[in-house]
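*Asks:* Each chain, written out:
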Amino acid sequence: MDLHTQTLTELQGGLDRADFSSVELTQALLDRIARHGEKLNAFISVMGDEALGAAKRADETRAAGGGGVLNGLPIVHKDIFCTQGVLTTCGSRMLENFVSPYDATVVEKLAAAGAVVLGKSNMDEFAMGSSNETSYFGPVKNPWDLERSPGGSSGGSAAAVAARLAPAATGTDTGGSIRQPAALTNTVGLKPTYGRVSRYGMIAFASSLDQAGVITRSAEDAALLLGIMAGFDERDSTSVDHPVPDYVAGLGGSLKGLRVGIVRQHFDSGLDDATGKAVREALAVLESQGATLSEVDLPNLDYCVPTYYVVAPAECSSNMSRFDGIRFGHRAEDPEDLLDLYCRSRGEGFGEEVKRRIMTGTYVLSAGYYDAYYLQAQKVRQLISDDFKKAFASVDVIAGPTTPTPAFRLGDKTDDPITMYLNDIYTIGANLAGLPAMSAPCGMVDGLPVGLHLVGPHWAEESLLRTAFQYQAQTDWHRACPEAYR
Amino acid sequence: MLARLRLADDEFSQTVDKLSRIVAFVDQLSAAPTAEVVPMAHPLNQVQRLRPDQVTETDNRDAMQENAPSVSGGLYLVPKVIE
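Sequence lines, in order, name chains W and B. Using numbering that gives the first Met the number 0, you'd call the opening residue of the first sequence number 0 and step up by one each time. Using numbering that gives the first Met the number 0, you'd call the opening residue of the second sequence number 0 and step up by one each time.
Isolated chain W (complex conformation) (with noise of 0.2 Å):
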């Protein structure tokens, strides 16, 4: 029986049938992981013994009758979540060697549900990044082709989770980071509302956007892992106290009268002629199974990206204070004095796009500057969040592209910072409104996956998810692997 090829909702059906033990299955992906893992840099930390001994545990609590929902079920976590215990390096040199001495909520619920952790993904650095190039443990590769970026920055993730590693991971997204990743390898990716999900324990890039999610193979992962990590967390000043709906029991209704909005912009000149195709295909069968199609205007869309590299950088600079070479991270040897320590440490921990971000930040937070770039942005992204809240006055979602194109060739933007940022034109807007947002496989360019983006109003996760396992119910992409990890 090929369990790497199950979604996590198939195989809690085989271990509740005991078709097969938990050690079993983590025992199938371990092996997995050890033939494709380093081809693919998809980790930074294989959690082997680990696993084995939480999958022996999940196997025994389940033969005394007890056991969580996801009891003896393999999962990965992004390098961006603390896990006591086991390194936590946010994809930088900085935390090569440190150790988290606690969980983050994330984590934490996870495990009481009873999910097995495989090991620790790959990412770009700090979350900065939409190529995962900017890891300080090298790139991840894409598995549809080895050449190509997988996006970032929950890159590892995402190819993990696409290669058939394991059935599901958690990620990140600030400013498209779970999302773009998930269009690009043909997985689902899931950020849901700013608020929903605690951000204790997961180290923080820019706080006022970040929001943890999943990817996972099928809208019905998503569905069954957001429930067990959404809720009030008193450790998280920005948690919301909001009712957590069942969101597997959502899933089940019909899309009969679901208002989804299209925005011209998002088909303008910058889209790729097959991906635009493609997404259009799709929106043609949710347009068949009930819903309809209408467009909406966000006028301010193309300030989106400027708004988010004065924001999300202006956060980063105050975040990556902390890193000072005295508590924890890199120290630089032999300094001349404190000065000289931090600003060694730093300069040899951080790379170079953390680096550019900080300046950056530092740059338009400054007395003189802050008015013009740091108040302007915080004014666009009020215009912003005002043009979604219109919109969704006569919608219940927004559907489009994820991406302007299926995935780029590792080295190919790397020069131009613009160029890069530019890729996350049709995911942060959703960021800087704090809305739930999701990408669900829906075609394929030259052998490449693309994803349909789905935005809704704040906490209708519900609708998001019910829209993509709907779609998913009539259609196979979500289905495709690439040939060599069927």
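These are computed hints drawn from the structure, not numbers from a lab. Keep in mind it's a predicted model, so treat the numbers as computed, not measured.
Each computed EDC-like pair below joins lysine to aspartate or glutamate, with the alpha-carbon atoms no more than 20 Å apart: (1) B:79 <-> W:335; (2) B:79 <-> W:332; (3) B:79 <-> W:336; (4) W:38 <-> W:482; (5) W:255 <-> W:294; (6) B:79 <-> W:333; (7) W:55 <-> W:23; (8) W:55 <-> W:18.
Starting from the known structure of chain W, arrange chain B on it as the hints suggest.
*Replies:* Showing chain B alone in chain W's frame:
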């Protein structure tokens, strides 16, 4: 100096070039129609939550200091600051 970063000599010129491009790119924000707009403070318009002023954390110093590059007797060691 503000960012407390030392760049290697070979990083310098390309950093300047790329930063200039980023600043030029974000400069387009000045054209946005923001005259009457109040800057966003929180994506969901939430206010910062308050909690009772009570001690909730226990002493974790030893566990925390396991990650420190240089400690002694519970103190963090740094280069001499006062001559």
